[in-house]
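Engineer: Chain by chain, the residues:
Number of protein chains: 2
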Amino acid sequence: MNKKAILLIGDGISTADLRYASGFSAPDDFIFMQFGDRKICSVSALEYNRAAATVLPGVEVFRSTSSHVETVKDLCGTLGVYEVTVPGFFPVGIAEKLKLAGIKVIVSEERLYPEREFKHPDEVAKIITSLRAAEAGCRRAIEVLQESDISADRSIIWKGKPLTSEILRTEVDCTMLRLGMLPTDTICAGGLQAAQPHNTGSGVLPADYPIVLDIFPRSAATGYWGDLTRTVVKGTPSDFMRRAYDAVLEAREFAKSCIKSGAIPAEIHRCAENILARHGFHTGHNDQGDFGFFHGLGHGVGLEIHEWPRLNPRTTTPLQPGVVATDEPGLYYPDHGGIRLEDMIYLRPDGTAETLTKIEDFFTIQ
Amino acid sequence: MNKKAILLIGDGISTADLRYASGFSAPDDFIFMQFGDRKICSVSALEYNRAAATVLPGVEVFRSTSSHVETVKDLCGTLGVYEVTVPGFFPVGIAEKLKLAGIKVIVSEERLYPEREFKHPDEVAKIITSLRAAEAGCRRAIEVLQESDISADRSIIWKGKPLTSEILRTEVDCTMLRLGMLPTDTICAGGLQAAQPHNTGSGVLPADYPIVLDIFPRSAATGYWGDLTRTVVKGTPSDFMRRAYDAVLEAREFAKSCIKSGAIPAEIHRCAENILARHGFHTGHNDQGDFGFFHGLGHGVGLEIHEWPRLNPRTTTPLQPGVVATDEPGLYYPDHGGIRLEDMIYLRPDGTAETLTKIEDFFTIQ
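So the protein lines, in turn, are chains R and Y. Residue numbering for the first sequence follows this note's numbering, beginning at 1 and increasing consecutively. Residue numbering for the second sequence follows this note's numbering, beginning at 1 and increasing consecutively.
No lab work stands behind these hints: they were computed from the structure. Worth double-checking, as some hints may not be accurate.
Pairs involving identical chains hold if they fit within one copy or between any two copies, as the list cannot separate such chains.
[Said to hold, decoys possible] Subject to a maximum C-alpha distance of 30 Å in a straight line, what follows is the list of computed DSS-like cross-link-like pairs (lysine-lysine): (1) Lys39 to Lys73; (2) Lys99 to Lys260; (3) Lys4 to Lys99; (4) Lys159 to Lys73; (5) Lys104 to Lys159; (6) Lys4 to Lys39; (7) Lys104 to Lys39; (8) Lys73 to Lys358; (9) Lys161 to Lys256; (10) Lys4 to Lys104; (11) Lys104 to Lys73; (12) Lys104 to Lys358.
With these hints in hand, go ahead and build the complete structure from the sequences.
Structural biologist: What follows is the structure in structure tokens.
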């Protein structure tokens, strides 16, 4: 008889494996154990009723009455488990205490649920729901920029007041909230802030500079994410940034044409990089920091915003049907700002690619 | 010379110690090491510029060029560190690889930054900002309920349509977004759903039953949380729930009068429990699950929504100046619904308590 169990502890919000395996998530950590065919959640009294009503079919719900360590020890005793396999992110403090209690703890070098990379149709539908909300948020941003004017000092003015990143973000996020999404660090970064890919943006948005709108809502109900980036200019962009935009758009579309079953992510990344370089946009590092295209081309999306596969120069495992990933080349120059354009792609069961993103590309907005 | 370092790895969003010590947070994990007077963040190229502009004074920012494990090994080599102290939640996978590389890994049984429990005035100000946003969200919910009508079948109707938990939550959350908050699982639970303290609520809200509004926004800018709960009824509550409300309010106010420097949380919790019992509201467990007052009276709030101190029956360490904590007794009955009333309290440097929450208590709304 198999005496080894998978053990997860977390909240199911930041611990996607836990939500995937149990169907449950909670504000506080809980325990999940998979032992042969048995799947067990052990949750606090506070969560018991809700967990029992929420878990996936076949998952048993127990009530934890002591610490996580004691509860796991009890579960192992009851089930006859003497060895647990845990993920690399498992808390070392609990792992050490389990070892002291005589339970062997194996840290898996592999993903425990590698099948998460390959989405079922119902998962794709959930991702699309979140992506559509991102698109609605993006449309709201475009609408606000269309309604805006440009002041004499080339600031963007909306409803008579300077339009800030914060105001624009709120408009995007409220639109998505109404669609059942949890907005999460929506990026509305303009001017030179957009040269930092993770800068969410702050202060008055300048005209004539690209504004990166990177919108990644998570469904409150399902936990699945959507991910979308558009870059727009209110006013007149510099020739440099106009050429950068065209190069990024070409790189994204060419990469998209390469994404199919059997394709190697590292090669697709390099294709995108080469297209940018051919347009004269090189990647490097100087006193001001990094410039050019210095992040991966894309990443899988599901119960995590960044999950497998990684479309970067180091990934040599061929893509397979079921993958949902982003295609998002970018160019960033501390003296000019930044451009990023991101679509989501799904590899259908037949291995062909489907672009899930439906919203058009915009650049200049009048 | 001290050759031991504190080592943290995380995103600074879910890893509050990291944000507290470095001043930085990011969507992806980064490394923080504290070695004597030196504090070092090692972040990806993607985050370097933003980190350098954001970290606390005195924190050095390095650029990670390899895996977390390799980066930590390099840092230890450069600094001459052979032993790292990590928190219990540190990832076991990284801990094991560091051990294999000859670095001693000590899992701290203690908090690494216990001073987080005692807030500086600027931290209290940040918490108050988030609490005020929660109050604004709560006022919006009250406003919506005031504008609502009750249908013949005793549903709540707003703007001609059934008012759902989801719609009410969106109104609360949009109000808070406009104030720079990240809304997080705002609870608007009515009817029997409110008998589950963490049920966020779904579907049409019924009249005559208490609606629990538990609102805990996090400032996008500072990372500090606010926490507020009010329970309201549109229509006419049952006598049972009216008595439960009065009992919970009395318990909260009495507990509040006990919260001061030197007080024992376990004793305050028991006082609240005794008041509820004296009103005939007992705590227990039956076939339907738990009923009565089955969670802790309160918890510290700061860079985590639930942090030290825990005001529950197990905490016997006296409260000290600087604590910011919630006081939130509740009563939950699967046949009746739930009541929870939550204020936030600050223990001033002189040891006296200040109620940070300013919004009044409401029960029935016409």
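Engineer: Just pull the numbers of the violated hints for me, sorted ascending.
Structural biologist: 2, 4, 5, 8, 9 and 12
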